[in-house]
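Peer 1: Chain by chain, the residues:
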Amino acid sequence: MNGDQGPSFLTLLFAAGSCAGAIAVVLSRNVVRMAFWLIVSLGSVAGLFFLLHADFVGATQLLIYVGGTVVLLIFGVMLTASGPLLKIPTSPAETFLSAGIGALFLAMIVSTVGAVDWKAAAETIARQDPAAGPPVSGEGYNAPEEGNTLRPIGAALLGVRPDRDLGREPGPNGSIALSTGYLLPFEIASVHLLVVLIGAAYLARAKRRRDRDSGESI
Amino acid sequence: MNELQLYLLVGAVLFVCGVACMTTKRNGIGVLMGVELVLNGANVNFVAFSRYTALGLDGQIVSLFVIVLAAAEAAVALAIALNFYNNHLTIDVDRGDQLKG
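Chains as they are written, first to last, in the working numbering: chain F, 1 to 218; chain Z, 1 to 101.
By construction, these hints were calculated from the structure, which means they are not laboratory data. Beta carbons are placed, not taken as given, at the ideal position from N, Cα and C, and that holds for glycine. Don't take each hint at face value.
[To be verified] Here are the computed distance ranges between Cβ atoms for each label pair:
| no. | chain 1 | residue 1 | chain 2 | residue 2 | range |
| --- | --- | --- | --- | --- | --- |
| 1 | Z | E73 | F | L79 | 12 to 20 Å |
| 2 | Z | V66 | F | L27 | 22 to 30 Å |
| 3 | Z | V76 | F | L104 | 27 to 35 Å |
| 4 | F | T124 | Z | N83 | 46 to 54 Å |
| 5 | Z | N87 | F | L12 | 40 to 48 Å |
| 6 | F | A115 | Z | L99 | 37 to 45 Å |
| 7 | Z | L69 | F | F75 | 16 to 24 Å |
[Unchecked claim] What the simulated footprint calls covered on chain Z by chain F, stretch by stretch (three residues with Cβ under 8 Å from a Cβ of chain F suffice, anywhere in the stretch; the number is not a length):
| no. | stretch |
| --- | --- |
| 8 | 3 to 11 |
| 9 | 34 to 42 |
| 10 | 85 to 97 |
[Stated by the list, open to error] Residues from chain F shown here face chain Z by an in silico Cβ test under 10 Å; the list is partial:
| no. | residue |
| --- | --- |
| 11 | P7 |
| 12 | A143 |
| 13 | T149 |
| 14 | F186 |
Next up, chain Z with everything else stripped away, as it sits in the complex (with noise of 0.2 Å):
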C-alpha cells in the first residue's frame, strides 16, 4: 500500500465517522462537530493529493479555503445553536419541528 492510498483511507475514515457523527448525535453540537469532521477528511485528500500527483499547490489553497470557510460555519451555526437554545431552553435538534405543521 502506497502511502497516498494510507492518506485517502484516513480521509474515508474522517468522512464516514462525521456523516455517522451528524446522523445520530441529537446535541446540535455535536451535528456541528460532525461536520468539522466531514470537512476534515476532505482536507485530508486535497492536501494528500497535492503532495503525491500533479494537482501541485492548488490543493494545499483550496483546504486553507475549507479550512477558513470552516471557521466562519462554526461561528454561524453556534450563533444559531445559541438562539436555538433561547428559545427552547434544549439543544435537542428534534424538539426543533416547529415548522412541521
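So that you can see chain F by itself, here it is in the shape it has in the complex (with noise of 0.2 Å):
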C-alpha cells in the first residue's frame, strides 16, 4: 500500500529480467536456449514473489518450476532433440502473423491495465467482503517484508482461515460467520498428483515393440 514512492530498484530488475527472459524464449531458435531464458525468467518471477510478500509462493516457484519442471522439460529436450533436429524453423507468415496478433493482444492488456482504477476496485471489493484485507497481519514472528505467509497458508490448506476470522468483528447476534479454507481442493489436488504420477509413468515407459517382419521384439 505504499503507492507514492513508486517501484523500487529490485522490483524494476526482476520484472525487466523476466520480460527478457520471456521474450528470449520467444526469439531464440535453439530449444536448448530457450530453456536456458525459461530458468532466467521463472527465477525472476520468484524474485518478484518475494517481493510482493509472498515468500511460501516464490519458495515454491524456485523449488517445483525452476528445479523441478525445467529440469523436465530439460530432460525432454535431451531425449528427443538429436542433432538436427535441435532446431526446427517456422515459417514466416506464421512467424509475422503470431507476432502481429501477439502485439495487438499486448496492446489491448496493457490499455485495460491503464483504464482500470484499481484503488477503486479494491475499495469496492473491501467493501462487499468485510472479512477481506491485505494477506498477513499480525500473525507471526515476523514483520511481512520477512515473510510471514507460511502459517496462514498452512492452516488454509487445512480448511481454518485465521488470517480472516481473527480478530473480526462479531455479527449482530455475537456470532462470527467462519470463512472458508481450501482442504478440498488440496485433497482433489493431492489425488490428481497421484494420478499423473501413475499416469505419466505409464505412458513414458519404455515399451517392447514387436518387428513385424523378423518377428524379434526390439
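Two independent chains are provided; combine them into the complex using the hints.
Peer 2: Written out as C-alpha cells, the structure reads:
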C-alpha cells in the first residue's frame, strides 16, 4: 500500500528480467537456449513473488518450477532433440502473423490495465466482503517484509482461516461466520498428482515393440 | 504508475510471450515452455492482487495450486511428447496429423 514512492530498484530489475527472459524464449531458435531463458524468466518471477511478500509462493516457484519443471523439460529436450532436430524452423508467414496478433493482444491488455482505477476496484471488493483484507496482519513472528505467510497458508490448506477470522467484529447475534479454507482442493490436488504420477510413468515407460517382419522384440 | 500496474504489465508480457511461443514454435517442448510462461503470467497477477487488493491470502493459495497443476501437466505432456517421438522419430508438432483423414 505504498503508492507514492514508486517501484523499487529490485522490483524494476526482476520485472525487466522476467519480461526479457520471456521475450528471449520466444525469439531464440535453439530449444536448449529457450530452456535457459525460461529459467531466467521463472527465477525473476520468483524474485517478484518475494517482493510481493509472498515468501512461500516464491520458494515454491523456485523449488517446483525452476528446480522441477524446467529440469523435466530439459530432460525432454535431451531425449527428443538429436542433432538436426534441435532447431525446427518456423515459416516467416506464421512468425509475422503471430507477432502481429501478440502485439495487438498486448496493446489491448496494456490499455485495459491503464484504464481501470484499481484503487476504486479494491475498495469495492473490501466493501462487499468485510472479512477480506491485506494478506497477513499480526500473526507469525516476522514482519510481512521478512515473510510470514507460511502459517496462514498451512492453516488455509487445512480448512481454517485465522488470517481472515481472527480479530473480526462479531455479527449482530454475537457470532462470526467462519471463512472457508481449501481442504477439499488440497485433497483433490493430491489425488490428481498421484494419478498424474502413475499415468506419466505408464505413458513414458519403455515399450517392447515387436518387429513385424522378423518377429523379434526390439 | 503504481506498483500494481507494473506487476499487471509484467503478467501481460509473460502471457503474450507464452501465447506467441505456443503458436510459433514447431518443437513440442517449445510449446510446453509457452504453456509454462502463460501460467506464470497468471500467477504474477494472482499474487499482485493478493498483495495490493483485498483479495488477501486467497490469491497466493490459488497460485500455489496453479504451480502444482503446472508441474503435473508438464509431466504428462512430456510423457506424451516422448511417445510422439518414439512413433514419429521427430518432435515437430506439425507432423502429428495422422487424424487428418
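Peer 1: Next step is simple, just say for each hint if it's right about the structure.
Peer 2: Against the structure, the hints:
1. Z:E73 / F:L79: 12 to 20 Å: With a Cβ separation near 18 Å, E73 (chain Z) and L79 (chain F) satisfy 12 to 20 Å, so the hint holds.
2. Z:V66 / F:L27: 22 to 30 Å: holds, 26 Å
3. Z:V76 / F:L104: 27 to 35 Å: Between V76 (chain Z) and L104 (chain F), where Cβ atoms are some 32 Å apart, the hint holds.
4. F:T124 / Z:N83: 46 to 54 Å: Taking Cβ atoms as reference, T124 (chain F) and N83 (chain Z) lie about 49 Å apart, which means the hint holds.
5. Z:N87 / F:L12: 40 to 48 Å: holds, 47 Å
6. F:A115 / Z:L99: 37 to 45 Å: holds, 43 Å
7. Z:L69 / F:F75: 16 to 24 Å: With Cβ atoms ~20 Å apart, the hint holds.
8. 3 to 11: With 8 residues close enough to chain F, the hint holds.
9. 34 to 42: It holds, with 4 qualifying residues against the three required.
10. 85 to 97: holds (count 5)
11. P7: holds, 5 Å
12. A143: violated, 14 Å
13. T149: At 6 Å from the nearest chain Z Cβ, T149 (chain F) passes the 10 Å test, so the hint holds.
14. F186: With a minimum Cβ separation of about 8 Å from chain Z (threshold 10 Å), the hint on F186 (chain F) holds.
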